[in-house]
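The listed protein sequences correspond, in order, to chains A and B.
Note that the first sequence covers residues 520 to 643 in the numbering used here.
Note that the second sequence covers residues 476 to 645 in the numbering used here.
None of these hints come from the bench; they were simulated from the model.
Cβ atoms here follow ideal geometry from the backbone N, Cα and C, with glycine treated the same way.
Heads up, some of the hints might be wrong.
Said to hold, decoys possible - Taking lysine-lysine and the DSS-like style, the derived pairs with C-alpha atoms no more than 27 angstroms apart in a straight line are:
#1 B/Lys635 x B/Lys482
#2 B/Lys545 x B/Lys589
#3 B/Lys587 x B/Lys635
#4 A/Lys559 x B/Lys507
#5 B/Lys507 x B/Lys545
#6 B/Lys582 x A/Lys559
#7 A/Lys559 x B/Lys482
#8 B/Lys582 x B/Lys636
#9 B/Lys582 x B/Lys619
#10 B/Lys609 x B/Lys636
#11 B/Lys545 x B/Lys582
#12 A/Lys559 x B/Lys636
#13 B/Lys587 x A/Lys559
#14 B/Lys507 x B/Lys582
#15 B/Lys589 x B/Lys636
To be verified - Here are the simulated distance ranges between beta carbons:
#16 A/Ala553 x B/Asp612: 17 to 27 angstroms
#17 B/Glu597 x A/Lys559: 22 to 32 angstroms
#18 A/Ala536 x B/Ser522: 18 to 28 angstroms
#19 A/Ala572 x B/Lys619: 40 to 50 angstroms
For reference, the chains in residue letters:
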Amino acid sequence: MKEKDINEIEIPNGLEAEMSDFIDSMDAAERVMAEERRRKGAVRWSYVAGAAATAALLLTFLFRQPAMPEDTFTDPHEAYACVEQALASISEKMGSGVQQARRAGDKIDAGTAKIKELYNRKTN
Amino acid sequence: MEREDFKRVWLPLSGNFYRAAYLVLGSEQEAKDILQDLYVKLWNIRSSLENIDSPLAYGTRIIRNMALDKVRSASYRTRRVGVVAMEELPLSDTPFQGSAEHGLIEKEMVLKLKQTIVGMQEPQRSVVQMRLFKDMDYAEIARKTGLSQINVRVIVSRGKKMIARALSEY
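Next comes chain A alone, as it looks inside the complex:
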């Protein structure tokens, strides 16, 4: 067809406005989808930190060795002798404590007797 014929082809009313609207829609669709892709791909750092802390705690419990007291004796006889000595020391201290308590009790009794005597003298 000749160029003149091409120019005789009627352009529909509102064609440019329709295409403008179409381009706006493409732009809108692209922006919405780009936002959605960004939102889905974003790393939630708070979740990463929580997961790391949990993993660190788990590893600590898994690999922790129970606290063992330090073994200071190699000879059992020596160890027994040491225990015996410690118990005797405790007993001695307890014994002196009992004696002190007995002496205090005697003093209290003497004092009480004195008060009773004075009271009896008064009443008689």
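For chain A, the structure is supplied; the task is to place chain B on it using the hints.
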């Protein structure tokens, strides 16, 4: 290339492109369909179009080839069974059906977007159109609609989620 720059270069040529398509197809509706396909293609490659010397010649060549591809594919389908058909390479860079690459716009996506917006209730439809199509900021939309800015933000956010869900199959 921003939307307004794209429109400034390619939109005024829509009449020329339409005539080139109509010349081949002879149908107003088919010519408009092909014109939309052309704009989808140009939009998806717009970053590489900035150095085109003659947008008119470039666009006319593409739409003419697209129209010829359509005519050939239609005539190919009506050929009788048993006849060995020769391979026909498409003239356009991309097949008539359009690109299905991830992240690129397809014509069906635009139609789905429009359907989704039409299906929205007011004031969401108006608010989403103002935000997405007219690039109005939240304060402006709030002033026009009488809604609070927070309300406008919530409405736009929900509207975008609806659109994203509708377009998620593409």
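Comparing the hints with the structure gives:
Between B/Lys635 and B/Lys482 the alpha-carbon distance is near 24 angstroms, which keeps this suggested pair within the 27 angstroms criterion. Straight-line distance between C-alpha atoms of B/Lys545 and B/Lys589 comes to about 25 angstroms, which keeps the hinted pair within the 27 angstroms bound. With a CA separation close to 13 angstroms, the supplied pair B/Lys587 and B/Lys635 stays within the 27 angstroms bound. Note on A/Lys559 and B/Lys507: the hinted pairing is violated, with a Cα-Cα distance of about 36 angstroms set against a maximum of 27 angstroms.
Under the criterion of a C-alpha separation no larger than 27 angstroms, the hint pairing B/Lys507 with B/Lys545 is consistent with the structure, at around 13 angstroms. With a CA separation close to 24 angstroms, the supplied pair B/Lys582 and A/Lys559 stays within the 27 angstroms bound. Of the supplied pair hints, the one linking A/Lys559 and B/Lys482 is violated, its CA atoms being roughly 31 angstroms apart against a limit of 27 angstroms. With a C-alpha separation of about 20 angstroms, the suggested pairing of B/Lys582 with B/Lys636 holds against the 27 angstroms cut-off.
Between the alpha carbons of B/Lys582 and B/Lys619 the distance comes to roughly 31 angstroms, so the proposed pair goes past 27 angstroms and is violated. For the proposed pair B/Lys609 and B/Lys636, the alpha carbon gap of about 19 angstroms is at most 27 angstroms, so the pair holds. A C-alpha spacing of about 16 angstroms is found between B/Lys545 and B/Lys582, which places the hinted pair at or below 27 angstroms, so the restraint holds. At most 27 angstroms may separate the alpha-carbon atoms for a hinted pair to count; A/Lys559 and B/Lys636 meet this at roughly 12 angstroms.
Between B/Lys587 and A/Lys559 the alpha-carbon distance is near 21 angstroms, which keeps this suggested pair within the 27 angstroms criterion. Straight-line distance between C-alpha atoms of B/Lys507 and B/Lys582 comes to about 12 angstroms, which keeps the hinted pair within the 27 angstroms bound. Restraint check for B/Lys589 and B/Lys636: the C-alpha separation of about 14 angstroms stays at or below 27 angstroms, so the hint holds. Under the hint 17 to 27 angstroms, the C-beta atoms of A/Ala553 and B/Asp612, about 19 angstroms apart, fit the expected range.
B/Glu597 and A/Lys559 have their C-beta atoms about 30 angstroms apart, which keeps the hinted 22 to 32 angstroms range intact. Checked against the hint of 18 to 28 angstroms, the C-beta distance between A/Ala536 and B/Ser522 comes to roughly 26 angstroms, which is consistent with it. Between A/Ala572 and B/Lys619 the C-beta distance comes to about 48 angstroms, which sits within the given range of 40 to 50 angstroms.
Of the numbered hints stated above, those contradicted by the structure are hints 4, 7, 9, listed in ascending order.
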